[in-house]
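Could you put the whole structure together from the sequences, leaning on the hints where they help?
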Amino acid sequence: MDQPAEEFRQALLAMDRVAALAVLGGALRPDDPFTSLEEVVVPALESIGDEWENGPVSLAQLYMAGRIAEEAVRQVAPETGPYTGSRIGIAVLEDHHALGKRLVLSALRAAGYGVQDYGHGLSVSRLAQRVHEDRPDVLLVSTLMLPSALSVRRLVAELELPGSRPTVIVGGAPFRMDPGLWHEVGADATGRNSAEAVALVQQFTGGAS
Amino acid sequence: MIGESAPLERVLTTLGHSEPDRVPLFLLVTMHGAKELGLGIEEYFASGANVAEGQLRLQRRFGHDCYYAFFYAPLEVEAWGAEVVFRDDGPPTSGEPLLLDRERITSLQPPRVAESPQLGRVLTAIAALKERGENAPIIGVVMSPFSLPVMQLGFEAYLDLIFERPDLFARLMAVNEEFCVEWANAQLAAGATAICYFDPVSSTTVVTPEQYAQTGLPVAQRTLPRIQGPTATHFASGQCARILDEVVGTGTAVAGVSAAEDLAQLKAAARGRITLLGNLNGIAMRTWSAAEAEAQVKAAIAAAAPGGGFILADNHGEIPFQVPDEVLLAIAEAVRTWGRYPIDWTDG
Numbered sequence: 001m002d003q004p005a006e007e008f009r010q011a012l013l014a015m016d017r018v019a020a021l022a023v024l025g026g027a028l029r030p031d032d033p034f035t036s037l038e039e040v041v042v043p044a045l046e047s048i049g050d051e052w053e054n055g056p057v058s059l060a061q062l063y064m065a066g067r068i069a070e071e072a073v074r075q076v077a078p079e080t081g082p083y084t085g086s087r088i089g090i091a092v093l094e095d096h097h098a099l100g101k102r103l104v105l106s107a108l109r110a111a112g113y114g115v116q117d118y119g120h121g122l123s124v125s126r127l128a129q130r131v132h133e134d135r136p137d138v139l140l141v142s143t144l145m146l147p148s149a150l151s152v153r154r155l156v157a158e159l160e161l162p163g164s165r166p167t168v169i170v171g172g173a174p175f176r177m178d179p180g181l182w183h184e185v186g187a188d189a190t191g192r193n194s195a196e197a198v199a200l201v202q203q204f205t206g207g208a209s
Numbered sequence: 001m002i003g004e005s006a007p008l009e010r011v012l013t014t015l016g017h018s019e020p021d022r023v024p025l026f027l028l029v030t031m032h033g034a035k036e037l038g039l040g041i042e043e044y045f046a047s048g049a050n051v052a053e054g055q056l057r058l059q060r061r062f063g064h065d066c067y068y069a070f071f072y073a074p075l076e077v078e079a080w081g082a083e084v085v086f087r088d089d090g091p092p093t094s095g096e097p098l099l100l101d102r103e104r105i106t107s108l109q110p111p112r113v114a115e116s117p118q119l120g121r122v123l124t125a126i127a128a129l130k131e132r133g134e135n136a137p138i139i140g141v142v143m144s145p146f147s148l149p150v151m152q153l154g155f156e157a158y159l160d161l162i163f164e165r166p167d168l169f170a171r172l173m174a175v176n177e178e179f180c181v182e183w184a185n186a187q188l189a190a191g192a193t194a195i196c197y198f199d200p201v202s203s204t205t206v207v208t209p210e211q212y213a214q215t216g217l218p219v220a221q222r223t224l225p226r227i228q229g230p231t232a233t234h235f236a237s238g239q240c241a242r243i244l245d246e247v248v249g250t251g252t253a254v255a256g257v258s259a260a261e262d263l264a265q266l267k268a269a270a271r272g273r274i275t276l277l278g279n280l281n282g283i284a285m286r287t288w289s290a291a292e293a294e295a296q297v298k299a300a301i302a303a304a305a306p307g308g309g310f311i312l313a314d315n316h317g318e319i320p321f322q323v324p325d326e327v328l329l330a331i332a333e334a335v336r337t338w339g340r341y342p343i344d345w346t347d348g
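Sequence order for the protein chains is A and B.
So the first sequence is numbered by the numbering used here: it starts at 1 and just counts up by one.
So the second sequence is numbered by the numbering used here: it starts at 1 and just counts up by one.
Quick caveat, the hints were computed from the structure, so don't treat them as lab data.
Treat the hints loosely; a few may be bogus.
Ranges of calculated distance between the beta carbons of each label pair, as one might list FRET restraints [as the list claims (entries may be wrong)]:
| no. | chain 1 | residue 1 | chain 2 | residue 2 | range |
| --- | --- | --- | --- | --- | --- |
| 1 | B | R104 | A | P30 | 41 to 47 Å |
| 2 | A | R29 | B | Q265 | 28 to 34 Å |
| 3 | B | D101 | A | L28 | 33 to 39 Å |
| 4 | B | E134 | A | D16 | 54 to 60 Å |
| 5 | A | D16 | B | R104 | 29 to 35 Å |
| 6 | B | D245 | A | R17 | 31 to 37 Å |
| 7 | B | E83 | A | G25 | 40 to 46 Å |
| 8 | B | D262 | A | E6 | 25 to 31 Å |
| 9 | B | D347 | A | E53 | 38 to 44 Å |
Beta carbons: idealized from backbone N, C-alpha and C, even for Gly.
Right under this line is the structure:
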């Protein structure tokens, strides 16, 4: 990892907003703000996501890192609006626990993506309706409980009906505990953490944000 | 069966870090009782008598070593006045958080156990299990004061509170601790043998060991000694290896451990100090064949059973409704086949 990204990572893990802002401000290239910020933010969040996977970093640190990164990007580069090349939506299916969605939302915004937040506690039919109205290219679906994860199968079926559905990326505890579940329910991919979700969005939207 | 210990004796022996006749098995089934009685999940949990009957039938059917008086995770916040959303294919979940405005913590008062119909149903179930059960431990359940706020405020708002408002966090812990102690002791008075203290937020999956030392640990140190019976601390799929010494220091008898952790390493750290409960993957269990169930049971027994101090269970404390009875029967059968002491079939 390059030095600014490493310094940014350390500031995020220390929950040091001032240091995070300073690192990001120093890395900003006015002629290409998003690329320069992405080179710092994405590797730092990827590293923190990996460290959560492997143990040393906690969910609380992951959450605060995403929040601070998102705030820092907004402060350093408020004029460089979100990337609009692809439409991205996110929701929590059938549950009111929205932390997972929040983690991914922060990471995506910090990486420069504009994301439509459809909220939490949505039924399959309500979320399908929102997707039909909004027509995102990528839909990220967070679940907490196994029954909600299994409901993704019905969601995918409803999204197929009009003939063109978004790429569906799923995440949450059931998919982490059962690595084959995303495939079973008909999703296109699963991310084990917010950094993986960003990488998948990059992959499905054709690369850079 | 001739030569078999009663479940309570089996469990007490392993808690004493000795080898009983075989590895105790806790099938922590809740909603399966509704299936057993031919009821919907909401209807089943509306009556303590239903839950007692369900637990009695499940224990007879699978031959495991406890009765589990856990209804569903948001039961406590329901008693505090929060919305609970039922569904017909899984456990009810908490709706919108109780405390959308965190400033309300300053005047927050807990429910009185004796006045709560929700908590009363659990006490009814425990009393019926005590009266009708056959010498198996009855496991009561509380949410730890440190983990309950995930359902009181929502996870995100709770993490913000911990880091941003230590004054409100301290006040919330004080209120929750009083409630937790009263609720645990009411279950013990009704006939529960032990209390399972669910504390996933203390796991290193959620907070760092340093944060735990400043938050969940002192809460447990204040709360657990006031519970007038044995306790088990369960991390509900969260990891605990890096805080195991501190967990042992709280005086709890059992740690409920994660499928994501190395059970043999945990056993090496726990041996003679704390009993391990776990760590079968309840989510993956849904699609296990009988052979897979047997292999998983054998692996867990080989890793943690020698010497006692081990109870086989799922890793979350609530087996999903979608896990078929055939898998549960295969697990129980595998324990009877491979869990008999001495465990002399392992390489180690």
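Structure-based check of all given hints:
For the pair R104(B) and P30(A), the supplied restraint of 41 to 47 Å holds, since their beta-carbon distance comes to about 46 Å. Checked against the hint of 28 to 34 Å, the C-beta distance between R29(A) and Q265(B) comes to roughly 47 Å, which is inconsistent with it. Checked against the hint of 33 to 39 Å, the pair D101(B) and L28(A) passes, with Cβ atoms roughly 37 Å apart. Checked against the hint of 54 to 60 Å, the pair E134(B) and D16(A) passes, with Cβ atoms roughly 58 Å apart.
Under the hint 29 to 35 Å, the C-beta atoms of D16(A) and R104(B), about 31 Å apart, fit the expected range. Between D245(B) and R17(A) the CB atoms are about 33 Å apart, so this pair conforms to the stated range of 31 to 37 Å. Checked against the hint of 40 to 46 Å, the C-beta distance between E83(B) and G25(A) comes to roughly 44 Å, which is consistent with it. The given range of 25 to 31 Å is respected by D262(B) and E6(A), whose C-beta atoms sit roughly 29 Å from each other.
Between D347(B) and E53(A) the C-beta distance comes to about 30 Å, which lies outside the given range of 38 to 44 Å.
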